[in-house]
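*Asks:* Here's the letter readout for the chains.
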Amino acid sequence: MNDRHIDVVIEPTRDHYEDIQLFTARGSWIKLALLLVVLVSLPLLLPGYRVFTLNYMAVFVIVGLGMNVLVGYTGQVSLGHAGFLAIGAYTMVLLMTRLAVPFPIALVMAGFVSAFFGFLLGLPALRLAGPYLAIATLGFGLAVTQIIGHSALFGGHMGLVVPDAMVGPFPLSGDVSKYYVIVGITFVLALGVRNLSVTRVGRAFRAIRDSEIAAATMGVDVAYYKTLSFAVSAALTGVAGGLLALMTGFISPGVFTFTLSLMFLAMVVFGGLSSITGAVLGSIVMGYLNLEMDAFQELPVLGPALEGFSARFMSTVGLPNFGWVVTGMLIVFTILLEPRGLYGLWIRALDTMKRSKSADTELSRSGSGAD
Amino acid sequence: MSFFAVDGLTMRFGGLTALDDVSFEVDRGMIFSIIGPNGSGKSTAFNCISGIYQPTEGEIYFEGEGISGLAPHHIARLGIARTFQNIELFSTETTIDNLMLGRHQHMHSGVWSGVAMLGRATSAAREETENRERVQWIIELLDLVQVRDRPVGELPYGTQKRVELARALAMEPKLLLVDEPSAGMNADERAEVAERMRELRAELGVTILLIEHHVQLAIGLADRVLALNFGKPIAQGAPEEIRQHPEVIKAYLGDG
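Those protein sequences? They're chains A and B, same order as listed.
Here numbering that gives the first Met the number 0 is used: position 64 in the first sequence is 63, and no number is missing along the way.
Here numbering that gives the first Met the number 0 is used: position 23 in the second sequence is 22, and no number is missing along the way.
FYI, nobody ran anything at the bench for these hints, they're computed from the structure.
Small disclaimer: the values here were computed from a predicted structure and weren't measured.
Glycine included, each C-beta is placed from N, C-alpha and C at the ideal position.
One or more hints might be untrue.
[Stated by the list, open to error] Label pairs and their computed distance ranges (CB to CB):
(1) Gly28(B) to Asp14(A): 28 to 38 Å
(2) His105(B) to Pro170(A): 41 to 51 Å
(3) Pro150(B) to Ile134(A): 30 to 40 Å
Using the sequences and the hints, build the whole thing.
*Replies:* Here it is as structure tokens:
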């Protein structure tokens, strides 16, 4: 093909960078500043034990970002991500305890080691799809906890105590200082995944999801990008595992269960597949529910009523089981209402607001967000 | 050696012979049509050329190199692009993102540079911007300006066909395989398709290998035509010869 371009009047001249720019609309810088102010001030406003919850939710958000890359973008399913979480957590803790590696470096290594295992799991995944891939990844997740549980190096079923972490000269002692580290990393990773999604690699991932054959005939090496997607997803989850170890101070195989893997898959579907906003929203909600399921108990009137109901009809232990029922129902109803999950509901709400606004003024400048 | 050649191509699926000893040559800058009734093996031939199927026998040569057995993405990188009979677009993506997929092999950003795309000056951002500028003329040429930022899944059928063609052109191919460009179109739209093919060849000098169910369109456009029936080549030659060839007439009208 010649390089001869056809003379067509291009008008008005388009700035092509705008397509991939993070903040296009004028108001978005203000929104970012607001978000940062909220994130910075949250731990100072909330009671101490709530900061722990926030940290837990942030860890879930990082896993959600990783699941979004694999499930949302590339269209591969995984029921074994608790395995990567465990690999990240144990890698970091062992590096810190056995080799006295400083926390920041150990955390980065957790990401790399987990990515390596992601790559390994990605290889058989090339030949598997749908339910077969689900079962293979499930097996991986179960195997990881079994191996950890039976090895003295990993502390067996007794688990490992996480040593005190330092960032340079500063010790990360309380939940608040850990919060700033965890949420800071979460913010940076979310930005990174967003950038990845609008550039070449992210596009190749989504092309594979939409049509493997078309992607291949466009020059996309499908095998390479599938394994790469597993590696990127595992890397993020590994970092999340390291941060989980940091915030809880103790890790054991019992933490990284199959139920947790299921949760990870559920939260990106619930949040809205293939959307970073959706993954973040879904992870926040699921992270909260996963930790605070019995928080229903604390609700006035409703709490005792639910507890009575649950104790009578559902279980002998009161509310914890009911928490699962609520979580399940929340997922089912959201998906029924809007297949794009929370993100879809959010978009609908924005549309409705925009429509009522543009009815008043003719001005309707669309401000596209991160997706 | 000619620009593109297929030599003794045979494709069997179990007991079914979809292509039986098909040979043809295409010169640079030509429009070459493959015609034949439904099930005559036209699309199978395309799938062999683009690497989706591994031919049972025979060889395919592109610029003198044997390419049969290569993976589809290798063949794409050599400069062979295609469209599909049943549109294979990335349906949740916008028109521009579909075209950018066509740029994949001409771009280099990996995970790290993609993640680190912070601001206009970073390498991934520069590459994105440059390549978006580069495909803008294709968007204008194929009249896709209005739908540039719309997800292609919600576009009308005819527009989707144009997006698919645009995506193939974005690859800057040397050889363009076009599968049934006029499927499901009326006479006016068919005339438009014919005009577009001529324009592409004239303006871009791209060699076009065309599969077309609609005989008049295929023959009218082509410099040379191959007719298939039940996977076997029944005639090959200049458009006028094919139009009057008794075997071709029989294949389309039946033995009656």
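*Asks:* Compare the structure with each hint and give your call.
*Replies:* A quick look at each hint next to the structure:
1. Gly28(B) to Asp14(A): 28 to 38 Å: 36 Å, holds
2. His105(B) to Pro170(A): 41 to 51 Å: At roughly 50 Å between Cβ atoms, proline 170(A) and histidine 105(B) fall inside 41 to 51 Å, so the hint holds.
3. Pro150(B) to Ile134(A): 30 to 40 Å: 32 Å, holds
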